[in-house]
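Chain order of the listed sequences is A and B.
The first sequence runs 34 to 148 under the working numbering.
The second sequence runs 2 to 111 under the working numbering.
I should point out that these hints are in silico values taken from the structure, not numbers from a laboratory.
We treat Cβ as the ideally placed atom computed from N, Cα and C, and that holds for glycine.
There's no promise every hint is true.
Unchecked claim - Each computed SDA-like pair below joins lysine to any residue, with the alpha-carbon atoms no more than 25 Å apart:
| id | chain 1 | residue 1 | chain 2 | residue 2 |
| --- | --- | --- | --- | --- |
| 1 | B | K70 | A | R131 |
| 2 | B | K53 | A | P72 |
| 3 | B | K53 | A | Q70 |
| 4 | A | K42 | B | K55 |
| 5 | B | K4 | A | Q70 |
| 6 | A | K42 | B | T103 |
| 7 | B | K4 | A | V83 |
| 8 | B | K4 | A | V93 |
| 9 | B | K4 | A | Q90 |
| 10 | B | K55 | A | Q70 |
| 11 | A | K47 | A | A115 |
| 12 | A | K42 | B | S82 |
| 13 | B | K53 | A | G136 |
| 14 | A | K47 | B | S42 |
| 15 | B | K4 | A | E130 |
| 16 | B | K55 | A | Q90 |
| 17 | B | K4 | A | G73 |
| 18 | B | K55 | A | E130 |
| 19 | A | K42 | B | S42 |
| 20 | B | K4 | A | G75 |
| 21 | B | K55 | B | D68 |
| 22 | A | K42 | B | T100 |
| 23 | B | K4 | A | P72 |
| 24 | A | K47 | A | R110 |
| 25 | B | K4 | A | R131 |
| 26 | B | K4 | A | M74 |
What the hints assert, rightly or not - Take a look, some chain B residues computed to stay more than 10 Å from chain A by CB distance:
| id | residue |
| --- | --- |
| 27 | D12 |
| 28 | E15 |
| 29 | T22 |
| 30 | P45 |
| 31 | S71 |
| 32 | R78 |
| 33 | L99 |
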Amino acid sequence: NAGVTQTPKFQVLKTGQSMTLQCAQDMNHEYMSWYRQDPGMGLRLIHYSVGAGITDQGEVPNGYNVSRSTTEDFPLRLLSAAPSQTSVYFCASGDRERTYLGGYTFGSGTRLTVV
Amino acid sequence: LAKTTQPISMDSYEGQEVNITCSHNNIATNDYITWYQQFPSQGPRFIIQGYKTKVTNEVASLFIPADRKSSTLSLPRVSLSDTAVYYCLGSNFGNEKLTFGTGTRLTIIP
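Put together the whole structure using the sequences plus the hints.
Spelled out as structure tokens, the structure:
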């Protein structure tokens, strides 16, 4: 049981490049979400999903796309990277029936730098 | 979900008990209070949750008064490894997302 796995752990992009951050969970959780965390700040929600085929926007969705074709995977796509997207990205998954019981599990993060 | 307010930072010495208070004046009747801990360069992890009165586990205690407008996370006899950011959130059944504030940055001094 690996939990939530994020790849890569580190990435440097040039402005304008695109890339996909991968997130996979093996706990059969219905909920998955992406957050970004800027230095000294809390986590801000980018996109989230309540199940395969269903996604919705969070607080800061601009410049990012997501899809959820399977329960296990929830990739985050940066369409045209900008320096303002330099951040640490966290993926989380949650058990719908246990979210209030701390049912969310976070990955270890992807540190992205856009130059 | 409830808007929460916490101190931005706190310092404490090793071996002391640390209490972090969170204010949540508009908490909904069906919201639980949940605390997450985040170590540097790691994702947050759940540490404790409660609805009313007192809850204790191997990591911390959580005190929630009868009016539920605030809660206090208590860490007994802290060590350097308790240095982290602590987030207080309101959460209930079926929450499809979590809303984080800026949290409280706790620094333990040797």
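Going through the hints against the structure:
1. Using a Cα cut-off of 25 Å, the hinted pair K70 (chain B) and R131 (chain A) holds, with the two alpha carbons roughly 23 Å apart.
2. Only pairs whose Cα atoms come within 25 Å are accepted, and K53 (chain B) paired with P72 (chain A) is rejected, the gap being roughly 34 Å.
3. Note on K53 (chain B) and Q70 (chain A): the hinted pairing is violated, with a Cα-Cα distance of about 31 Å set against a maximum of 25 Å.
4. Note on K42 (chain A) and K55 (chain B): the hinted pairing is violated, with a Cα-Cα distance of about 38 Å set against a maximum of 25 Å.
5. A distance of roughly 19 Å separates the Cα atoms of K4 (chain B) and Q70 (chain A); the hinted pair therefore holds under the 25 Å criterion.
6. Note on K42 (chain A) and T103 (chain B): the hinted pairing holds, with a Cα-Cα distance of about 23 Å set against a maximum of 25 Å.
7. As the CA atoms of K4 (chain B) and V83 (chain A) are separated by approximately 22 Å, the hinted pair is consistent with the 25 Å bound.
8. Straight-line distance between C-alpha atoms of K4 (chain B) and V93 (chain A) comes to about 18 Å, which keeps the hinted pair within the 25 Å bound.
9. A threshold of 25 Å between alpha carbons decides the hint, and for K4 (chain B) with Q90 (chain A) the separation of about 20 Å falls inside it, so the pair holds.
10. In summary, the hint linking K55 (chain B) to Q70 (chain A) is not supported, as the alpha carbons are separated by about 31 Å, beyond the 25 Å threshold.
11. Under the criterion of a C-alpha separation no larger than 25 Å, the hint pairing K47 (chain A) with A115 (chain A) is consistent with the structure, at around 8 Å.
12. With a C-alpha separation of about 23 Å, the suggested pair K42 (chain A) and S82 (chain B) falls inside the 25 Å cut-off, and the hint holds.
13. Distance check on the hinted pair: K53 (chain B) and G136 (chain A) sit about 19 Å apart at the alpha-carbon level, within 25 Å; holds.
14. Restraint check: the Cα-Cα separation between K47 (chain A) and S42 (chain B) comes to about 23 Å, which is no more than 25 Å; the hinted pair holds.
15. Our distance criterion of 25 Å between C-alpha atoms is met by K4 (chain B) and E130 (chain A), whose separation comes to about 22 Å.
16. In summary, the hint linking K55 (chain B) to Q90 (chain A) is not supported, as the alpha carbons are separated by about 36 Å, beyond the 25 Å threshold.
17. About 19 Å separates the Cα atoms of K4 (chain B) and G73 (chain A), which keeps this hinted pair within 25 Å; it holds.
18. For a cut-off of 25 Å, the pair hint linking K55 (chain B) to E130 (chain A) stands: about 23 Å separates their Cα positions.
19. Restraint check: the Cα-Cα separation between K42 (chain A) and S42 (chain B) comes to about 11 Å, which is no more than 25 Å; the hinted pair holds.
20. At most 25 Å may separate the alpha-carbon atoms for a hinted pair to count; K4 (chain B) and G75 (chain A) meet this at roughly 14 Å.
21. A threshold of 25 Å between alpha carbons decides the hint, and for K55 (chain B) with D68 (chain B) the separation of about 13 Å falls inside it, so the pair holds.
22. For the hint linking K42 (chain A) to T100 (chain B), the alpha-carbon distance of about 24 Å falls within 25 Å, and the restraint holds.
23. Proximity of K4 (chain B) to P72 (chain A) is assessed by CA-CA distance (about 22 Å); at most 25 Å being required, the pair is judged to hold.
24. Straight-line distance between C-alpha atoms of K47 (chain A) and R110 (chain A) comes to about 15 Å, which keeps the hinted pair within the 25 Å bound.
25. Taking the CA atoms of K4 (chain B) and R131 (chain A), the gap is about 21 Å. The hint holds against a cut of 25 Å.
26. This hinted pair checks out: K4 (chain B) and M74 (chain A) have alpha carbons roughly 16 Å apart, not beyond 25 Å.
27. No Cβ of chain A comes within 10 Å of the Cβ of D12 (chain B); the nearest lies about 16 Å off, and the non-interface call holds.
28. For E15 (chain B), the shortest C-beta to C-beta distance to chain A comes to about 24 Å, beyond the 10 Å cut-off, and the non-interface label holds.
29. With a closest Cβ-Cβ approach of about 17 Å to chain A, T22 (chain B) is found to remain outside the 10 Å limit, as its non-interface label requires.
30. A beta-carbon of chain A is positioned within 10 Å of the beta-carbon of P45 (chain B); the least distance is around 5 Å.
31. Against chain A, the non-interface label of S71 (chain B) holds: every CB pair exceeds 10 Å, the least being about 18 Å.
32. Every Cβ of chain A is farther than 10 Å from the Cβ of R78 (chain B); the closest lies at roughly 23 Å, confirming the non-interface assignment.
33. Its beta-carbon lying about 6 Å from the closest one in chain A, L99 (chain B) breaks the requirement of being farther than 10 Å from that chain.
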